[in-house]
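J.: One-letter residues, chain by chain:
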Amino acid sequence: MKPVRLIIVAVGGQGNLLAARVLGEAALSENVPVRMSEIHGMAQRGGVVESAMIFGDAESPIISDGSADVLLGFEPAETLRALNRANPETVVVTNTATLPPFTAAIGRGVYPEMEKILSLLRAKTGRVIAFDALALAREAKNPLALNMVLLGALVRTGRIPVTPEAVRRAIASETKKAFVDSNIAAFELGFEKAA
Amino acid sequence: MHKLLEDAPGKKALYLGNEAIARGALEAGVACATTYPGTPSSEISLALFEVSKETDLYFEYSTNEKVALEVAAAAANAGIRSLCIMKHVGVNVAADVLMTLAYVGVKAGLVIMTADDPFMFSSQNEQDNRYYGKMAGLVILEPSTPQEAKEMVGMGIELSEKLGEPVILRTTTRVNHSTAAVTLGGIPTRATEGSFTKNPFQYVTIPAVSRKLHTRLLARLTEAEKLSDESPSNFIVGSGPWGIVVNGVSFNYVRDALSELGIGDRVSVFRMGFSNPAPKKRIAEFLAGREKILVCEEGEPFMEEMVKAVAQENGVVIPIKGKAAGLFSREGEFDPALVRGVAARFFGVKDLPAARIDLSDLPEIPARPPNLCAGCPHRATFYEVKAAAGGRTLINPTDIGCYTLGVLPPLSSADFLICMGSSLGTAAGFSRFTKDKTVAFIGDSTFFHSGLPGLVNAVFNNHNFTLVILDNGTTAMTGHQPHPGVDMAEMGFSGYNRISIEEAVRGLGVKTVVVTDPYKVKKSVESIREALDAPGVSVVISRQICPLYARAVKRPRRKPFAVTDKCRNHRDCVDKLGCPAMSVVNGRVSINREQCTGCAVCAQVCPENAILPVKD
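If you're matching them up, the sequences are chains A and B in order.
Counting in this note's numbering, the first sequence runs from 1024 upward without gaps.
Counting in this note's numbering, the second sequence runs from 329 upward without gaps.
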């Protein structure tokens, strides 16, 4: 199977490690070879958390610059910052709800305009799916399910070699029991949004 | 039941490299595991700590790596299979034990797990710990994948028992922190009852004994070289005329590179997983018939020098290259495209075209550096020390932990850092030879790790500085591991004692000791001023629980604060504290209610008393 390389970027606390875990378990359940790596040295302290996932026949657990087939961003400025990982063919899925870094909040740097972020992403990559995932998570009555909304949209792109059924099963087995229903609801909303 | 205890031999499960290593220890019958936490090794310990709650596995968070290795060394010499876990720089702390433990040897298997951190994702240097194996005369095993990392624990235990020596399992961040499917083995019952047969002329390293032990160690090293030559961890893939020698995670990059470049049939790859002592015979066989060799290894030219030495001994004069301008660097970590590019250049084949995006017109994106959390008591302490100094210049030696982030503005409270515990010794040096007041910072866990000897030294030699112990009741940086000052009952464990930092400091003879609650700003500033003005060594214990840990152990939450209409926009709160819960929206300061932990420090800093608890 030709490798598919996915980069997920998020801010510490947004739940991207759990999203990666769910996707990894889904792949394993369908016998799709999968390798993942993560860098989250100081995630709890507001830094950026990055996961790399490689599906199919490849050995390396990390992804070089320019080699991501899919870029999933949980925060729009972080999606833009991770553009060095993408190439002109890359499919980008990004949340548009912002989480400005405290440096911008205290006036050290300016958070880019959303329109500017989206137009740059559209101009430089193959396809961009951008929407307010936080709003959909709230609609699913679980703001923490932002990660599941984005997972739904990601799977809907058809670029990740796992079926939506396998991901639903993995959500049921890997996420906390009390949240499974709202997580599935969030996943479905994201899945519909990216139709 | 803990995930790692799953009794399902043959099952494939997704495991983090570090979980795989912990599972490997359980499958190898390890009954004693000791550690001091450190990234990228921390999850191994965390997993075994949790498992120890449910099983007869003995696990301890030792006060530092030296002690951890001593405990494990004795356990192994009492016949208990043991694992000692640390990050790469932890081995520096344990090195005194390591070098002579190699002379003394072990009875039951002992694996010393060291996690190197190329690129320094969360470390102060990127030293290559393979040299420790060479220096001590011990076997080094290096896995390429989580699966192999798991197997190498068991292999290490077996080799250790065969040779009577500890074995070093050396990983890098990308093995520890990568996840892949791992095939589980069975978990045997652990042998937990040890016994010790006295034999002082083998175990007590007086010179007359050590001379014999050194001879024995060298004989064992010769035996180990045979094992290295025969080891299945040293293997060759392919039979082409060009050669690559590779270790660790880079093996994966090499395999991807060869298939992407389409030169798999022209290259043979020697994957070295048993890298000390060198498998000289196998290397010599590999060199025969090769036209040129590329050595692919992160860090130092460890294998490169080895391969060149074997070539010299065998009169082979082909090009052998690795660390060189235009090829591999000794800095940072590798990635697949980098390895592919170097291989293409070295072997003279065309690399894949780069599919890069032009990023030159991207706007500047504000940085997102890690920051002390909202409500972090360290932030308050740094502010209070500055306030107590009243404009005096301070020299702030600091130490290793979350509080190292005090280096960032607006706190700017870190001037010098070398290693764990260095705040104390360096404070002594600075205070002795400069006119500025020296105020050193150290965390509670780091204080127990290696701060104590520095404090003893400072009292004895009558140095003149203030030590601020940032006591947040946990080892916060690495994920809230306990330390000797922690209330273990709150973590759900029994059978521990608790050591009072205050009593320890007073017991060491420090005359001026003040304990502050950093959330009480005015009072803290007064107490700190008293300590700064005291002659000799004075100690401030700034005590307030880590807010993340408080949440983890379910302490009651405080009410969040908000900026009221009384605000005159002085912005002292933002400019002097830099709390991530605060932001400036349309020229006005605002507090994020979800992030605010209610520490009330900003409310006390505000000159207008404009920050008040949120009314429901």
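These are calculated hints, taken from the structure and not from any lab test.
Accuracy of the hints is not assured; some may be wrong.
Pairs of lysine to aspartate or glutamate residues, derived as EDC-like cross-links and limited to a Cα-Cα distance of at most 16 Å, are as follows [unchecked claim]: (1) A:Lys1216 to A:Glu1138; (2) A:Lys1147 to B:Asp689; (3) B:Lys331 to A:Glu1048.
J.: Quick one: which hint numbers does this structure break? Sort them smallest to largest.
T.: Failing hint: just 1.
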